[in-house]
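Residues per chain, in single letters:
2 protein chains.
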Amino acid sequence: MIEITSLRTRAVRMEEHMRNAYISFAEMTGSIVEVETNVMRDGQPLVGRGFSSNGRYAQTEILEQRVFPRLKRAQPEALLDAAGENLDPFKAWDIMMENEKPGGHGERSVAVGVVDMALWDLVAKIEGRPLCRVLADRFNHGRMDTKVYTYAAGGYYYPERGIDALRDEMKSYLDSGYDAVKMKVGGASLREDLRRIEAVVEVVGDPGRVAVDANGRFNLEQALDFGRAIEPMGLKWYEEAGDPLDYGLQAELSEALNLPMATGENLFSHQDVRNLVRFGGMDRKRDFLQMDPVLAYGLVEYLRMLRVIEEAGWTRRRCIPHGGHSFALHLAAGLQLFGNESYPGVFQPFGGFGDEMTPEAGMFALPDVPGIGIELKSNLMELFQ
Amino acid sequence: MIEITSLRTRAVRMEEHMRNAYISFAEMTGSIVEVETNVMRDGQPLVGRGFSSNGRYAQTEILEQRVFPRLKRAQPEALLDAAGENLDPFKAWDIMMENEKPGGHGERSVAVGVVDMALWDLVAKIEGRPLCRVLADRFNHGRMDTKVYTYAAGGYYYPERGIDALRDEMKSYLDSGYDAVKMKVGGASLREDLRRIEAVVEVVGDPGRVAVDANGRFNLEQALDFGRAIEPMGLKWYEEAGDPLDYGLQAELSEALNLPMATGENLFSHQDVRNLVRFGGMDRKRDFLQMDPVLAYGLVEYLRMLRVIEEAGWTRRRCIPHGGHSFALHLAAGLQLFGNESYPGVFQPFGGFGDEMTPEAGMFALPDVPGIGIELKSNLMELFQ
Chain A
0 MIEITSLRTR AVRMEEHMRN AYISFAEMTG SIVEVETNVM RDGQPLVGRG FSSNGRYAQT
60 EILEQRVFPR LKRAQPEALL DAAGENLDPF KAWDIMMENE KPGGHGERSV AVGVVDMALW
120 DLVAKIEGRP LCRVLADRFN HGRMDTKVYT YAAGGYYYPE RGIDALRDEM KSYLDSGYDA
180 VKMKVGGASL REDLRRIEAV VEVVGDPGRV AVDANGRFNL EQALDFGRAI EPMGLKWYEE
240 AGDPLDYGLQ AELSEALNLP MATGENLFSH QDVRNLVRFG GMDRKRDFLQ MDPVLAYGLV
300 EYLRMLRVIE EAGWTRRRCI PHGGHSFALH LAAGLQLFGN ESYPGVFQPF GGFGDEMTPE
360 AGMFALPDVP GIGIELKSNL MELFQ
Chain B
0 MIEITSLRTR AVRMEEHMRN AYISFAEMTG SIVEVETNVM RDGQPLVGRG FSSNGRYAQT
60 EILEQRVFPR LKRAQPEALL DAAGENLDPF KAWDIMMENE KPGGHGERSV AVGVVDMALW
120 DLVAKIEGRP LCRVLADRFN HGRMDTKVYT YAAGGYYYPE RGIDALRDEM KSYLDSGYDA
180 VKMKVGGASL REDLRRIEAV VEVVGDPGRV AVDANGRFNL EQALDFGRAI EPMGLKWYEE
240 AGDPLDYGLQ AELSEALNLP MATGENLFSH QDVRNLVRFG GMDRKRDFLQ MDPVLAYGLV
300 EYLRMLRVIE EAGWTRRRCI PHGGHSFALH LAAGLQLFGN ESYPGVFQPF GGFGDEMTPE
360 AGMFALPDVP GIGIELKSNL MELFQ
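Chains A and B, in that order, give the protein sequences. The numbering of the first sequence is numbering that gives the first Met the number 0, which starts it at 0 and goes up by one. The numbering of the second sequence is numbering that gives the first Met the number 0, which starts it at 0 and goes up by one.
Hints are computed from structural coordinates only; laboratory data are not their basis. Possibly wrong hints are sitting among the right ones.
Said to hold, decoys possible - Sample of chain A residues with no beta-carbon within 10 angstroms of chain B, all distances over it, derived: (1) A10; (2) E97; (3) G103; (4) Y156; (5) K170; (6) P231; (7) G247; (8) D282; (9) E355.
To be verified - Here are some, though not all, of the chain B residues that point toward chain A, as calculated from beta-carbon distances under 7 angstroms: (10) G103; (11) G105; (12) G215; (13) D242; (14) N257; (15) Q270.
What the hints assert, rightly or not - Cβ-Cβ distance ranges computed for the label pairs, FRET-style: (16) A:A255 <-> B:E159: 43 to 51 angstroms; (17) A:S188 <-> B:P44: 39 to 47 angstroms; (18) B:I94 <-> A:A255: 45 to 53 angstroms; (19) A:E14 <-> B:S5: 28 to 36 angstroms; (20) A:Y157 <-> B:F383: 42 to 50 angstroms; (21) A:D93 <-> B:S5: 54 to 62 angstroms.
Here a beta-carbon is modelled for each residue, glycine too, at the ideal position from N, C-alpha and C.
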């Protein structure tokens, strides 16, 4: 019988020194997890790997004190699918969440999400197929995208870097095959931010390929002022203008501004996402939802999120996950989402895809290896060894 | 200058074996924190103490890796009020939350809340007054309640205990001076729960002094069925019928049912509370809000919660905190809330007040000692020693 033989985690520091409008990343950490099994491949036990998306710190205590002990005391068959031929991440999810009260979705959602990623990696490796194919067959009527639209997220605030460095950064993304970029706003004066945006639009050549992200910094008045200032520019989207849980503010922006908006990376449960689509007044044809499939309890919860947005009349083609890694890329391909984020320059070694993977006109082809393909990213694999 | 000289935390196991409709508490833990200063009283350095409310587990990693290091690297004066004569928990709060992204309110909210409690304990001890007096002067125009209305929360599901034990438990609360009780529902069949409620109402003698708590267990249909079944009974309130973040469900219940409702213990930020009062359809004259001032980032955030509910037309007299301990009792007195929860029989040693404190007709008088009075509860103090 398939059994989990070892669960391991470690906290890892991300070496980054930039700021968004809200925080510095200088002390950001993340968790990596390995789930080892008794399934043998090429003489080695199969291992599933998972790691945090950036922004929410390592979760060693929740993993070691709550999540791992529940998985360890479960009977092996309680973690398997009906045929006993593979792990069942849905059953594992319920076990990981035993004796957890409802509400309070943060931190715990990261711990569970990292293990969920490792379990889906295993499920696909046991099937011997890329995760995107597994997801397409199980959750998307066999349909998938073989290439995924991806934009380059960067444009952070760095101490001692000016607009020229910002221009160079954006040019490097275009040179490496991206055709759209995202930059941070809200961490400087409106006038300074507008200068930064204009510089980036000039480099990219098309405002429709430049998104701006305020990381929840603005109050309603500031968010309206900023929105009105950029409204005529025709930018790609205006992201997280205000607090991510302030659905009233979002509804007022949706009413007042005529430009695409995006949010969701700081909503960590399907209940929160349901509130956003119920009360946030967002436009199903124009706006984007950016929930993070790792920070928010993993793919099992992400599928619930897709269900609640579809019940509200959205399609999954409006979803473009936060996270910038291969796990989200597989979801975008296998579930046919709008696309995926990418951090070509930052959040190393968590950001980015396989070493050999490069975009063409912003599109990434999925690698044909079993699982997520974490093994194709050498600086990430160094953490696991 | 006043300085924090030491920050200490420890994870503590709560020895309880009951269940509510959602979880077992058999493995529940909590955090205790001591904040030591260079302020001397009776030859000893003043120490502020804080501890978790029940239900959300210990937070050692967040405290030791994120919250404590930020407080330790702050300049001492950055933590003091303008006169330099006392600690300023508002400034400390901003420092504890440095480099924390918005949203994701859980776990972190407990870590910050436990330290916030210890800081307010210190503030009151430095002033040499009970915390309730400090709060009355600072945040309530000097007005306070000298006695606080408190109900006895219990009636959990225990393996191998029947209705007779439930009756005995409720009778023991009445005998010890409570006049109202709360019991758990949703963990058995509707028929069984109705029998349990009827038994308790019979013991208490008045349905208006019996509240029921489903701990978020029901979906909309179940919540409506249960609500309609108890509607004619005239119970005190119907608590957390559905998921705490499902404001749509709450609005439908509010519309369909004519009985007092209560919720909020699993909302851990003022943003979440604002959503509840904006979108939950609750009745400002009839319903109750039960936010927990420890699990939800402490008193600093609780004051923000009071502001957003008052902006929505509620009064703080509709607030009755979750938690069942002296910190919430001081808030209820000093801010003139509706009252406070009490766990006379459970969540030891965190539940309950000073050893000598007993209710009269459900009312607790506040002890006249500096700070919160944690030192008056001997089994809790054993943890700190």
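Hint-by-hint comparison with the structure:
no.: 1; hint: A10; result: violated (8 angstroms)
no.: 2; hint: E97; result: violated (8 angstroms)
no.: 3; hint: G103; result: violated (3 angstroms)
no.: 4; hint: Y156; result: holds (14 angstroms)
no.: 5; hint: K170; result: holds (29 angstroms)
no.: 6; hint: P231; result: holds (28 angstroms)
no.: 7; hint: G247; result: violated (6 angstroms)
no.: 8; hint: D282; result: holds (19 angstroms)
no.: 9; hint: E355; result: holds (32 angstroms)
no.: 10; hint: G103; result: holds (3 angstroms)
no.: 11; hint: G105; result: holds (3 angstroms)
no.: 12; hint: G215; result: holds (4 angstroms)
no.: 13; hint: D242; result: holds (5 angstroms)
no.: 14; hint: N257; result: violated (24 angstroms)
no.: 15; hint: Q270; result: holds (4 angstroms)
no.: 16; hint: A:A255 <-> B:E159: 43 to 51 angstroms; result: violated (60 angstroms)
no.: 17; hint: A:S188 <-> B:P44: 39 to 47 angstroms; result: holds (45 angstroms)
no.: 18; hint: B:I94 <-> A:A255: 45 to 53 angstroms; result: violated (35 angstroms)
no.: 19; hint: A:E14 <-> B:S5: 28 to 36 angstroms; result: holds (30 angstroms)
no.: 20; hint: A:Y157 <-> B:F383: 42 to 50 angstroms; result: holds (44 angstroms)
no.: 21; hint: A:D93 <-> B:S5: 54 to 62 angstroms; result: violated (41 angstroms)
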